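Q: In case you want the letters, here they are:
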Amino acid sequence: MTHALSEDDIYRTSTQYRLWSFSPESLAALRKKTHDLALERAQRYACNDNGDVEFLTQEEELRLVQRYCDQVRTTSDHFKWPVNVEATAVQYLTRFYLTNSTLTYPPKEIYKTVLFLACKTEATHMTLSEYARRISTEAEVVLAPEYKVMQALRFTLDVRQPFRALKGALMELLNLAEGMVGGEDGDGDGEELQAQMLDVPPPPQGSKTQWKHPGAGKVGAEQLHDRIQAAYSAARNLLDAPALLTDVYLLYTPSQILLAALQLADEPLTSFYLSTKLFASDSLTRPKILATISACADMLAAFSPSQVLTKDDRNALEAKLERCRDPSTRDLVKAFAAMRQDGSGEEGEGVRKRRRLEREKSQKEGDDLFGPSLQRPKANGAGG
Amino acid sequence: MATSPALDVPPEQPPHKRQKTATTTSSLHKPNPSSPPTTDVASHLDTLERSKYRKGAKLGSGQYADVFSATLISDPTRIVAIKKIKVGPEAREFGISYDSLREIKFLQELEHPNIIKLHAVFSTKNQNLNLVLEHLPQGDLLKLIQDTANISYTPADIKAWMLQLMRATWFCHQNYILHRDIKPNNLLIAANGEIKLADFGLARSFADPFQPMTYNTITIWYRPPELFFQAQYYGDRVDIWSSRDVLFRAWPETEMGMVKLICEKVGTPTESNWPGVSKLKGYVTPSEITPLRPFEYWKQSFRAIGDTGVDLLMKMLTLDPRKRLSADMVLRHGYWTAEPRPSRLEDLPRKGGGAEAMGEDLTRRGGEVPEVNGKGGGKGGKRGDGVARKIDFGGLG
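Residue numbers (the UniProt record's numbering), protein chains in the order written: chain B, 1 to 384; chain Z, 1 to 397.
In isolation and in its complexed conformation, chain B is listed as follows:
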């Protein structure tokens, strides 16, 4: 009768899966297309000038967006907002630039908007005026691109994140260490697993965890506890800059991301953890899952903070951008106001037309012996 939904089933209904998950190839193709479209358009607006304009390369565009993802992070920290606001805002910015070019919308003019939008959708309350004041900007500047952003996000606002799940993994590992959890495939009870866990080999050289094997002798319960906590902290750090400033959210699921982070932190511990979840005998999906986690881990490990543009590099790039950007989107605030005006103008036209028809009708009726019928002012009619 009841169809049990697995977590995977539920995840597949999410907009993050349906619209914002890619294969590396399809992601690259989409970005290339966006960049090419922008260049194509640029040829048109640039030919008015005396040629020889140098445009941002696709690589430069990506670097600039990454720099502003980092900017979103620091701004969010400035407000002391929870990490889910930060992660959502960064994803909004990343998603925005999948179909928009920095040539059309320089990220400097977008990042404040996505952060404010994320603050709203992640249930963190701050008024626009306070937000604008604290980042020394005009409220209109924050609001002007808001619809543009919504549109680019295809009106999907939910961002699935790995943070809570990582906490879940921490609790589960702690429970395993206490001997409170039995294995998934029924072999071994809690105590057996606990014993196995104490025997897990130490993390190899180069692991991100701060925990060190005490050297001689066996690992005790207390040391195991420390090991788990240290693995958690290291993984949590990896979920900050490395996860937010690379493409992992577009290529992997939140659970794959957190397991990848945990693996970089303490590989043997993670592999033990996974062995309690995956049937060793499953030769079909198990290798696939492990390979996926490793690929994600490689991407996280390849990140280094030095890849993010320095302020000088950014300024240089933005100076270049200034010379080649699309002039039609230069003044978003004005465009925003005009758009509003346009909209009401459009509606106004409808109203004017209706009034004219009414006037003509009453004029016609005016010829009637009894005069025109009495008009009652109408409430707003159907809008555009």
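No wet-lab data here; the hints were simulated from the structure.
Keep in mind that the hints are not guaranteed to be accurate.
Simulated DEER-style distance windows between Cβ atoms [stated by the list, open to error]:
#, chain 1, residue 1, chain 2, residue 2, range
1, B, 74, Z, 232, 23 to 31 Å
2, Z, 150, B, 180, 40 to 48 Å
3, Z, 279, B, 222, 27 to 35 Å
4, B, 130, Z, 214, 14 to 22 Å
5, B, 54, Z, 233, 25 to 33 Å
6, B, 288, Z, 233, 35 to 43 Å
7, B, 285, Z, 326, 26 to 34 Å
8, B, 29, Z, 176, 27 to 35 Å
9, B, 18, Z, 345, 26 to 34 Å
10, Z, 148, B, 174, 53 to 61 Å
11, Z, 345, B, 198, 54 to 62 Å
12, Z, 176, B, 133, 30 to 38 Å
13, Z, 279, B, 18, 43 to 51 Å
14, Z, 156, B, 286, 47 to 55 Å
Keep in mind the model is a prediction, meaning the values are calculated, not measured.
Note that the Cβ used here is the ideal one computed from N, Cα and C, for glycine as well.
Put chain Z on the given structure of chain B with help from the hints.
A: Below, chain Z alone, put in the same frame as chain B:
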């Protein structure tokens, strides 16, 4: 296309691919290329979505939104409702409102037969958000149960409605979403009699532990005691309390009145039946303590739902949210499989104010209550007059 390393099932084609197929199939609706100054894929898709519908009659108009009926241009037999969100004066202070964002955010993620379907969202030139929603022509459950003159319903009908509501609630909670505004006028009725939970303007995701939430939520008649006592950490159980709109026959104007009523009908929340309650910031109860009402007391009022029904009801309206059933536990209760079985869809009463009622319901902001003399309903009942507007279990003997 190469498959994603992330997922066994390859993800949907990226937006630009889908757009191509869409244009070839409906070259008629190609947007005017000259209109937007810059066309990118997303705005192109937006235009495409907008041009799919032909707007029809206005079903309702409120402070917050206008609702139109509309048809698909490609298939005029398919009717949808378009909710056009108005830009209010608060836009200057917030931009796009929290309510609209919440509604869009959550409905985009939820697909369930008992939750209103959001087909699409598009924006119009003057930057209004338009939500394309499932058309639910039979009005809402409130109007239906108010219409005692024309409609009678059986315990089996109630069971069928409740079951659908609980499934919707269960699904929200499975997705870590709290609805926080479950009430009969947010339950719309589909053409086939199905109940659809609507209005996610007050919804939010489950908070992380220790992250405070607002207690000032849920229309007061459906609000659980922990929120009256200003708890800032709560969970899915708040929706369970709301789900059971049957116990109280009066509709007090104030929060204190509601607390009094709860104490009288269920029992006074005390440290013994709800450890920790007295530490809640807003904990106030009438000085005279009513002990927890026993099974027999409940049974007197709710004969019609039988012993298992009373048992379930008591467990859903348990004061202490930690002991209150979760949606999952509710669905596993014996009530649903006990006689009488829930009515079949085709046997359920339908008319609950018609499409206008939907129009009216959808124009409200989350948490708002209908006007006293709302046009569509027109049962002349004053808002405070609860006699006609609740599911009357007692009367169904």
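Q: For each hint, tell me whether it holds in the structure or not.
A: Outcome of the hint check:
Separated by about 29 Å at the C-beta atoms, residue 74 of chain B and residue 232 of chain Z satisfy the suggested range of 23 to 31 Å. At roughly 58 Å, the beta carbons of residue 150 of chain Z and residue 180 of chain B sit outside the given window of 40 to 48 Å. Under the hint 27 to 35 Å, the C-beta atoms of residue 279 of chain Z and residue 222 of chain B, about 34 Å apart, fit the expected range. The hinted window of 14 to 22 Å between residue 130 of chain B and residue 214 of chain Z holds, with their beta carbons roughly 18 Å apart.
Taking 25 to 33 Å as the suggested C-beta distance range, the pair residue 54 of chain B and residue 233 of chain Z does not conform, at roughly 56 Å. Between residue 288 of chain B and residue 233 of chain Z the Cβ separation comes to about 40 Å, which falls inside the hinted range of 35 to 43 Å. Checking the proposed 26 to 34 Å range against residue 285 of chain B and residue 326 of chain Z shows it holds: the Cβ atoms sit about 31 Å from each other. Roughly 33 Å separates the CB atoms of residue 29 of chain B and residue 176 of chain Z, a value that falls within the hinted 27 to 35 Å.
At roughly 29 Å, the beta-carbon separation of residue 18 of chain B and residue 345 of chain Z lies within the given 26 to 34 Å, and the hint holds. A C-beta distance of roughly 57 Å is found between residue 148 of chain Z and residue 174 of chain B, which places it inside the suggested range of 53 to 61 Å. Between residue 345 of chain Z and residue 198 of chain B the CB atoms are about 57 Å apart, so this pair conforms to the stated range of 54 to 62 Å. The given range of 30 to 38 Å is respected by residue 176 of chain Z and residue 133 of chain B, whose C-beta atoms sit roughly 33 Å from each other.
Between residue 279 of chain Z and residue 18 of chain B the CB atoms are about 44 Å apart, so this pair conforms to the stated range of 43 to 51 Å. A C-beta distance of roughly 48 Å is found between residue 156 of chain Z and residue 286 of chain B, which places it inside the suggested range of 47 to 55 Å.
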